[in-house]
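Chemist: In the order they appear, the protein sequences are chains V, A, E and L. Under our numbering, the residue at position 101 of the first sequence is numbered 101, and the numbers go up by one with no gaps. Under our numbering, the residue at position 232 of the second sequence is numbered 232, and the numbers go up by one with no gaps. Under our numbering, the residue at position 28 of the third sequence is numbered 28, and the numbers go up by one with no gaps. Under our numbering, the residue at position 31 of the fourth sequence is numbered 31, and the numbers go up by one with no gaps.
Hints should not be assumed to be uniformly reliable.
When the alpha-carbon atoms are kept at most 30 Å apart in a straight line, the in silico DSS-like pairs for lysine-lysine are as follows [said to hold, decoys possible]:
{"hint": "1", "chain 1": "L", "residue 1": "207", "chain 2": "L", "residue 2": "284"}
{"hint": "2", "chain 1": "L", "residue 1": "322", "chain 2": "A", "residue 2": "158"}
{"hint": "3", "chain 1": "L", "residue 1": "284", "chain 2": "L", "residue 2": "317"}
{"hint": "4", "chain 1": "L", "residue 1": "174", "chain 2": "A", "residue 2": "304"}
{"hint": "5", "chain 1": "L", "residue 1": "322", "chain 2": "L", "residue 2": "47"}
{"hint": "6", "chain 1": "L", "residue 1": "354", "chain 2": "A", "residue 2": "158"}
{"hint": "7", "chain 1": "L", "residue 1": "354", "chain 2": "L", "residue 2": "322"}
{"hint": "8", "chain 1": "L", "residue 1": "284", "chain 2": "A", "residue 2": "158"}
{"hint": "9", "chain 1": "L", "residue 1": "284", "chain 2": "L", "residue 2": "202"}
{"hint": "10", "chain 1": "A", "residue 1": "304", "chain 2": "L", "residue 2": "317"}
{"hint": "11", "chain 1": "A", "residue 1": "100", "chain 2": "L", "residue 2": "284"}
{"hint": "12", "chain 1": "L", "residue 1": "356", "chain 2": "L", "residue 2": "47"}
{"hint": "13", "chain 1": "L", "residue 1": "169", "chain 2": "L", "residue 2": "284"}
{"hint": "14", "chain 1": "L", "residue 1": "169", "chain 2": "L", "residue 2": "202"}
{"hint": "15", "chain 1": "L", "residue 1": "80", "chain 2": "L", "residue 2": "317"}
{"hint": "16", "chain 1": "L", "residue 1": "197", "chain 2": "A", "residue 2": "158"}
{"hint": "17", "chain 1": "L", "residue 1": "197", "chain 2": "L", "residue 2": "207"}
{"hint": "18", "chain 1": "L", "residue 1": "356", "chain 2": "L", "residue 2": "80"}
{"hint": "19", "chain 1": "L", "residue 1": "202", "chain 2": "A", "residue 2": "304"}
{"hint": "20", "chain 1": "L", "residue 1": "257", "chain 2": "L", "residue 2": "317"}
{"hint": "21", "chain 1": "A", "residue 1": "304", "chain 2": "L", "residue 2": "169"}
{"hint": "22", "chain 1": "A", "residue 1": "100", "chain 2": "L", "residue 2": "354"}
{"hint": "23", "chain 1": "L", "residue 1": "356", "chain 2": "A", "residue 2": "158"}
{"hint": "24", "chain 1": "L", "residue 1": "257", "chain 2": "L", "residue 2": "207"}
{"hint": "25", "chain 1": "A", "residue 1": "304", "chain 2": "L", "residue 2": "207"}
{"hint": "26", "chain 1": "L", "residue 1": "197", "chain 2": "L", "residue 2": "174"}
{"hint": "27", "chain 1": "A", "residue 1": "158", "chain 2": "L", "residue 2": "257"}
{"hint": "28", "chain 1": "V", "residue 1": "135", "chain 2": "E", "residue 2": "326"}
{"hint": "29", "chain 1": "L", "residue 1": "197", "chain 2": "A", "residue 2": "304"}
{"hint": "30", "chain 1": "A", "residue 1": "100", "chain 2": "L", "residue 2": "47"}
{"hint": "31", "chain 1": "L", "residue 1": "284", "chain 2": "A", "residue 2": "304"}
{"hint": "32", "chain 1": "L", "residue 1": "284", "chain 2": "L", "residue 2": "174"}
{"hint": "33", "chain 1": "A", "residue 1": "100", "chain 2": "L", "residue 2": "207"}
{"hint": "34", "chain 1": "L", "residue 1": "201", "chain 2": "A", "residue 2": "304"}
If you're looking for bench data, these hints aren't it; they were derived computationally from the structure. Please read all numbers here as calculations on a predicted model, not as lab measurements.
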Amino acid sequence: MTSDMATKTPVTPRRSVVETGKRALWRGVRRWESALVVVLIGALIFGSSERPNFLSPMNFFYTGLNMGEIAIMALPLTLIIMTGEIDLSVASMLGLSGTVMGVLFSNGWPIWLAMAAALVVGALGGTLNGVLVAKVGLPSIAVTIGTLTLFRGIAVILLAPRTITGFPLSLTKIGVVPIQGTQLAYSTAIFLVMAVVAGVVLHATPLGRALVAIGLQPEAAQFAGIRVNRIKIWLYVVSGVVCAFAGILLTLKNSSVSYDAGTGLELNVVAIVLFGGVSIFGGRGTVIGVVLAVAIVGALQQALTQMNVQPEVQNIVIGVLLLISVVIPNSGEAIRRIRDRARRHASTPSPRNSPNA
Amino acid sequence: MSVITAPAPAPTDRPVSRLESLLRARELGIALAIIVVFGLTTLNNHAFAHAASIQQLLNGAALIALLGVGETLVIVTRNVDLSVGSVVGLSAYIIGDLFKHNHDMSVVLGFVIAIAVGAAIGAINGLVTTVARVPSLVVTLAMLYIVRGFDGVIVNGKTIDPDSIPTAFTAVGYRTLFGIPWLAIIVAVVVAAVGYAMRSFRSSRDLYAIGSNPDAAELAGIPAGRRVFTAFLISGALAGLAGALFLALHAQIDVSGGSGYELTVVAAVVVGGVAIFGGSGTVLGAALGAVLLNTINQALVASKVSSFWNGAIAGGLLLAAIAFDRWLSLRVARSLQSAEGAHRDL
Amino acid sequence: MTQSSAAPLLMVRDVSKSFGPVAAVQGVSLPLYAGEAHALLGENGAGKSTLVKILAGVHGADSGELLMDGEPVVFKGPAASRAAGISVIYQEPMLFADLSVAENIFMGRQPLGVGRRIDRAAMNREATEVFTRLGVQLDPERAARGLSVADQQIVEIAKALSFNARVLVMDEPTAALTTVEVGRLFEVIQTLRDQGAAVLFITHRLEEAFASCQRVTIMRDGRSIRTAPIEDVTIDDIIRSMVGRDLDTLFPKTATEPGEVVLDVEHLCRGGVFDDISFQVRRGEIVALAGLVGAGRSEVARAVFGIDRRTSGTVRVHGAELPNGKPLAAMNAGVALVPEDRRQQGLVMEMSIDQNVALASLGRLRRFGLIRRSSERELATTWAGRLQLKFSRMGNTVSTLSGGNQQKVVLGKWLARNPSLLIIDEPTRGIDVGTKAEVHRLLNGLVADGVAVLMISSELPEVLRMADRVLVLREGRITAEFTRAEADEDSVMRAATGQSPVVAA
Amino acid sequence: MHTVRTVRRKVTLALAVTLVCTVAACSSSSTTTTNPTAAATATTVKKGLTVYFIPKDTQNPYEVIADQGGQRALQELGGKVVISSGTADTAAAQIPSIQAAIQAHAAAIVIAGNDPSALCPSLNQAAQAGIKIVAFDSDIACASSPSHLFINQANTEKIGTSQIDLLAKEIGSKGEIAILSAAASATNQNAWIGYMKQQLKKYPNMKLVTTVYGNDDPATSLTVLQGLLSAYPNLRGIISPTTVGIATAAQYLSTHKSLLSHLTLTGLGLPSKMKSYVHDGTVKEFELWNPDNLGYLAGYAAAGLASGSASLQAGSKFDAGKLNSYTVLAPSGTTGPSVVLGPPLVFNASNVDKFKF
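All chains, please: the whole structure from these sequences, using the hints.
Modeler: As structure tokens, this is what we get:
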């Protein structure tokens, strides 16, 4: 009866009473991927102009290696953000899973069992997030800030002050050498496969359509028979498992783990997903966009490092890209609004002007 | 169609206002929690109740509490400011560097510059958010990177050493007035002032209106853009001030100063009962939230629990806090429904 | 009926406003005289709401002018319009859930005490005064969250009163109100007119225009078709000028022979909302749930469909019991629910037309787990055709459609599943006369084909003319049941408001 | 600060390393401690060498000083130093820098490994490209190749024991003491703490009550310090073997002088950060080696290896400019060939002002 007052969603331009301009935004979003392609090409040209063998396979291998875990964690987060929720606990889960795997391994568990256990922990953590968000109905940003602290805290209790090393070389090498006969890092390959899966699910299946509907209008989705809560819970479970998997990869890559592995990565992951054109309010975005974002950030970091540019500059670049990625699609509407206001202040009615300019 | 005139409904509000007063007493709840934690700790370690360690509690919480005030203003408008941590680092380093190079720069000027730096960044946050109407979470996340990166470029491995900071400045970090640390006094004054303003002035009520129902705010002719901008401006300025206090308290600053604060602050604010999606919450609550988190951290060490437990407990507490809020609002909703039924009774 | 003074208080002269290619309002003119209520009628998409937003200062007009007391005025924003003495009440109340009722009324102009600080005591006092003028009792310190829609309207009206507005614009204020509340609203309008205010009253219920207005303006396709004193027009010419053609009979309900029981609800109960609800719906009959808003009608529908969990009782469809709180199970049992709130519940406004139509049928459109876009498009086109949907491109978002066409998309979405039970909540709320008739004809067609229909409606005429049986809910209980023959406005209203010994069900 | 931080390596491994070099190190380095006269010219070293210095991260002040030492060394030798690393102390962030070194055809890499093993494969590649590898500050532990020289700042056992001795001297060898460490995952911290505990056996009346971790963040360090003080009112001494920790503690004590009556602070600190506290009597003595010399030595070693004037042969000597000559110690346990800069320096009011780091 008073649903409009009960439910609260973050304020967004398209919710404004002045409804025009939202389609401009929509088109902007869809055009975003093509913009990303241009940026990527630009980055590559830039890189190879600075460093002749920038496009060398080895370089590609290392880029993949550097981006691996972040890229993998970005995929489930993309789906979660599509539904209008968020998961800030990804990096903590990555650390926790590595910790669990390490602790069990050092206590003589077989490595495979230790890994399995790590994945289970991921599932449990994800379930906790999912239940608190979907069943109890708490704001996901607050919940996952809480579990961010909680998961990391548990890792500290389990492992600090120790650091576990000595994982079997046969496994640790997949973290550092390319797949036989290729220049593809294992993490890169895994990411690409998962990206394809995520892309198909999001863009071509009823589930994907459901995610979009949930992101745009949860209540309408529920009335269409979409099991909103169940889907959200499962998304968080998947996110937990995938992050746990990324934690295993990172542990193998470093062939050592300590409780603080991957601390602070959550914001990088979020940044990449948003830069990929996924709307923080849900319902809008593509997996390909996120993949492109990963590629761009990876390429730029590699290029800047090889040019021996201060690494801080990379942060600035990421930040600027992120800003651009939200400002551009909105600029049309902003300009229209400013013009409109200007016109009304100059109180002489002028001929029609398009709101979607 | 038939028009029947009936006596006006008289909503029975009793259960509501009772629960609402409970809601309003959120600050009270946190205060109690603090007292409980404090009491329990004191039981197994009497030293915890000494004046010194109480000063420590206040000092330790001061910075986060201060940042919490600004963050509250922003969150109440249904926005968020993730750049505060980076701002602390940058403003602290900038004035530290100034002190280093002209040692006799006045302390007041130092504070002014720090606040100005923060305000400038806050202004950028506010402008981009309001003019381009883009989600503040993204904008301030971007600013978190940009400011931290800029900080790194100018710091470039240098550090500010204690002896390059005038003692008159660091004094703010440890001097006390009637046993209360200046740091705590400054923050308390800010909390009191902003808290009072948030309750008593139209412009600050607008903030709640904007966060509560943006469309209605627009129709009510509230200058949402200007208000939100101001909220970011203040948040930035307070973060700048926090940077100055950071330097005064620690007498040293490097590139990592204040990194990671953003999430701690949001956590404290949420524990303090500020609704993450805007519309309700008080700066006092946010400040108390910060004190509670800090009290727990120190209580753990003081009661000889391994400090390894800090994280897990803080996280659990945050989850508990928001779950409690949810439970409370459900209770309100339910009691309203029954009130509703009664009201239809006529 | 007050006589209209020579010069209009507010004159809208030749105002136009367009959004991109869409000309929402073209050269509209209408006069608002002091002490007069002026009905603004027209189908959805006729441009009424745009005109309202221009008066409210939300939109600036592209051309044309507004004259107050003969003086041209330009509103730079809502504040300016309000300062000029215009206050607007929107269809959905626009309140600040977290703030107190009093603060909602005085937001932005709270009474100030010393040092420009808000004087809460004074604010609450003034709020109470306004409420007394309205003859209602609301605690001014209570938060707006949880107010009933009606009480929210009351607060909005109180806001308008507190402005001592000279021009009061009401955009479908009655859409969500019960007869009682509508009655009270009309009294308020009367009071305001007596105080010399001009009222612009927008509604889809023509009877209301005749009940409370002295002058009427009819809009169509963004133009003002005619303005006339109310006594010079009849319902028929109003409708004619609204839709631009003659309408065959408005509510063509053909009698049908009910078949076997489709929906069987027993002792359905949801704590604090409704209690011990039992009824049946058969093939080929329309059963209406009547009652005041808040009596629990929509809640019963939600519980039957499984959106809300029931605390006790059973729901059977074709004899098979539905699991609790599982809409999908209900859908698979052949139940469809066209919800009360189209924009929030019925449609995903930012999704394309075809995707909305297909949203409930995706299971059937799969091949190897993937959606077949072609068959999705096909499905949508089929139903768009059957329902005579007016749209430019299937790919457009439904938010670009008029209210009536949006309702058709919702219907298409559910009929595409060819349900055996259609629950339809407020089938024609806020949609124009033309589409209204189409919807009613559609419902007839369905029951003729043996579908069972459970209809919820606040519009008594609709209930009386469409329903084979009428169940009346009051305070979450069924207080009366009428056959088509027994049911008339008076008996239903009495049962709904509990002003008579309940007719045994 | 972070020398003293985050070497991801098994404690036992660290012990193994250092136990062995101890004996030799003391003999070899006793003669060659700071002797700031006569910058020797290295005739046998090639001109125009490019040496990549890859610190844990670019902002780490301690390593900035070390890198400057390296730069000075290469200046003397007519070569140049390129400093390259990431913003975070992770192996992942260092790998691109190694890549850059290979592509720039550097003569040698001097690296402070954020991870003992994760860097091996990429360093291996560098070695195959004919680049000489020198590790300093924190060693890398690669199973087989690449062979490299480790420049040990001082031997681990001495750092541990000497701090206990310092404190014992100041508090009359009795009373409760506590340790304020960096991150709980900092392996070299934990290695030193291990030796401190051993050494404490010599002082039956001194009791280590607890170890707290300030994560090298002033705020955290302050919080745990304050907790420490209220938890253990009878605390007599605090050892903080990390530059941030000791500076934070010193700042707090210097502003709460009353505590000094019964509380003594020592540890590892930078003279530049500590001198004000030494002069105002907050801290009597603390330790550190000369990071500038560490980098300088590493620079000479790298250049020597690259020109063949130095070798990994146990017992072989090489010229180290103003530091005279150093003898390479035999490989042992998991550590390859190494040299030890010398015993830690003890700073006090008499000499603290002499040092520029």
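Chemist: Which of the stated hints cannot be reconciled with the structure, identified by number in ascending sequence?
Modeler: 3, 10, 16, 20, 30 and 33
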